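> Take a look at the letters that make up each chain.
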Amino acid sequence: MNLDTSQLMQFAATMLERNPNIANNPQAQAMLNVLRTGDAQRGQQIATNICQSMGVTPQQAVQEAASYFKL
Amino acid sequence: MAFGNIINGFQQPYPQPDPWQQNRQPVNMPLPSVNQNRTFQIPCRSISNPDEIMPNEVPMDGRIALFMARDNSCIIAKQWNQNGLIDTVKYVPNLPTEPTVDSVPFDQQILERLDRLDQMLTSLMSPIETAQNGGVSE
Numbered sequence: 001m002n003l004d005t006s007q008l009m010q011f012a013a014t015m016l017e018r019n020p021n022i023a024n025n026p027q028a029q030a031m032l033n034v035l036r037t038g039d040a041q042r043g044q045q046i047a048t049n050i051c052q053s054m055g056v057t058p059q060q061a062v063q064e065a066a067s068y069f070k071l
Numbered sequence: 001m002a003f004g005n006i007i008n009g010f011q012q013p014y015p016q017p018d019p020w021q022q023n024r025q026p027v028n029m030p031l032p033s034v035n036q037n038r039t040f041q042i043p044c045r046s047i048s049n050p051d052e053i054m055p056n057e058v059p060m061d062g063r064i065a066l067f068m069a070r071d072n073s074c075i076i077a078k079q080w081n082q083n084g085l086i087d088t089v090k091y092v093p094n095l096p097t098e099p100t101v102d103s104v105p106f107d108q109q110i111l112e113r114l115d116r117l118d119q120m121l122t123s124l125m126s127p128i129e130t131a132q133n134g135g136v137s138e
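Respectively, the protein sequence lines represent chains V and R. Position 51 of the first sequence, counted from 1, bears residue number 51 in this note's numbering, the numbering being contiguous throughout. Position 63 of the second sequence, counted from 1, bears residue number 63 in this note's numbering, the numbering being contiguous throughout.
These are computed hints drawn from the structure, not numbers from a lab. Computed from a predicted structure; not experimentally measured. The beta carbon of each residue, even a glycine, is placed where N, CA and C say it ideally should be. There may be inaccurate statements among the hints.
Said to hold, decoys possible - A partial selection of chain R residues facing chain V, derived with a Cβ cut-off under 7 Å:
#, residue
1, Ser46
2, Pro50
3, Asp61
4, Ala77
5, Trp80
6, Thr88
7, Val104
8, Leu121
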């Protein structure tokens with residue numbers, strides 16, 4: 001069974017919604033809303049703000065994430 | 001069950017029934033709610049300078065983090081908002097102002113003022129009395 005991107009995102013959103021720790025997290029709710037609506041611009045804005053708050057560039061964040069997930 | 005834990009990324013808050021032991025458990029046993037007996041811990045530490053607060057000290061699970069100044073001058077609360085930025089609120093103690101106590105008592109102030117009035121009257125009256133005395137003597 002092949003899933004397209006939107007189906008995968010819906011699947012991920014549904015899995016995350018079922019996690020009570022995320023359901024009670026307003027910040028995670030904003031990200032889930034991005035997943036549901038597919039608003040890439042809003043998602044990029046949140047990601048950029050997080051990188052800015054953490055004091056890293058988006059490139060560094062992507063690199064660290066790839067390293068963490070062993071991609 | 002292990003697969004569910006991996007997907008959720010968190011341990012289940014209550015033990016899942018073992019399918020092999022399911023026959024031994026009562027069927028109508030109510031499942032505890034997720035929030036039951038859930039402790040809510042607030043990360044907190046003392047700081048000497050607000051600049052030493054690192055972003056990774058603020059939890060990204062919606063909780064608020066408190067940082068208390070060592071000199072008790074303020075408490076700084078930080079929390080991630082929905083835009084991916086850290087909101088900061090600074091709480092400053094509102095200390096009651098003590099009423100100023102006069103060093104000189106009120107009675108003493110009145111007496112000193114009366115003394116000054118007495119001296120002023122004396123200085124005003126002395127030329128008149130001198131003139132009157134001089135007039136009488138002539």
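> It remains to establish, for every hint, whether it holds in the given structure.
Hints, verified against the model:
Annotation: R/Ser46 was flagged as interfacial toward chain V, and the flag is violated, the nearest CB pair being 22 Å apart, outside 7 Å. The interface hint given for R/Pro50 is violated, since its Cβ lies 15 Å from the closest Cβ of chain V, which is over the 7 Å cut-off. Because the beta carbon of R/Asp61 sits about 5 Å from the nearest beta carbon in chain V, less than 7 Å, this interface hint is met. Because the closest C-beta pair between R/Ala77 and chain V is about 15 Å apart, greater than 7 Å, the hint is violated.
At a threshold of 7 Å, the smallest CB-CB gap from R/Trp80 to chain V is about 5 Å, leaving the interface hint in force. Hint on R/Thr88 is violated. Least Cβ distance to chain V is approximately 11 Å, over the 7 Å limit. The interface hint given for R/Val104 is broken, as the beta carbon of that residue sits about 58 Å from the closest beta carbon of chain V, more than 7 Å. Hint status for R/Leu121: violated, given a least beta-carbon distance of 76 Å to chain V, over 7 Å.
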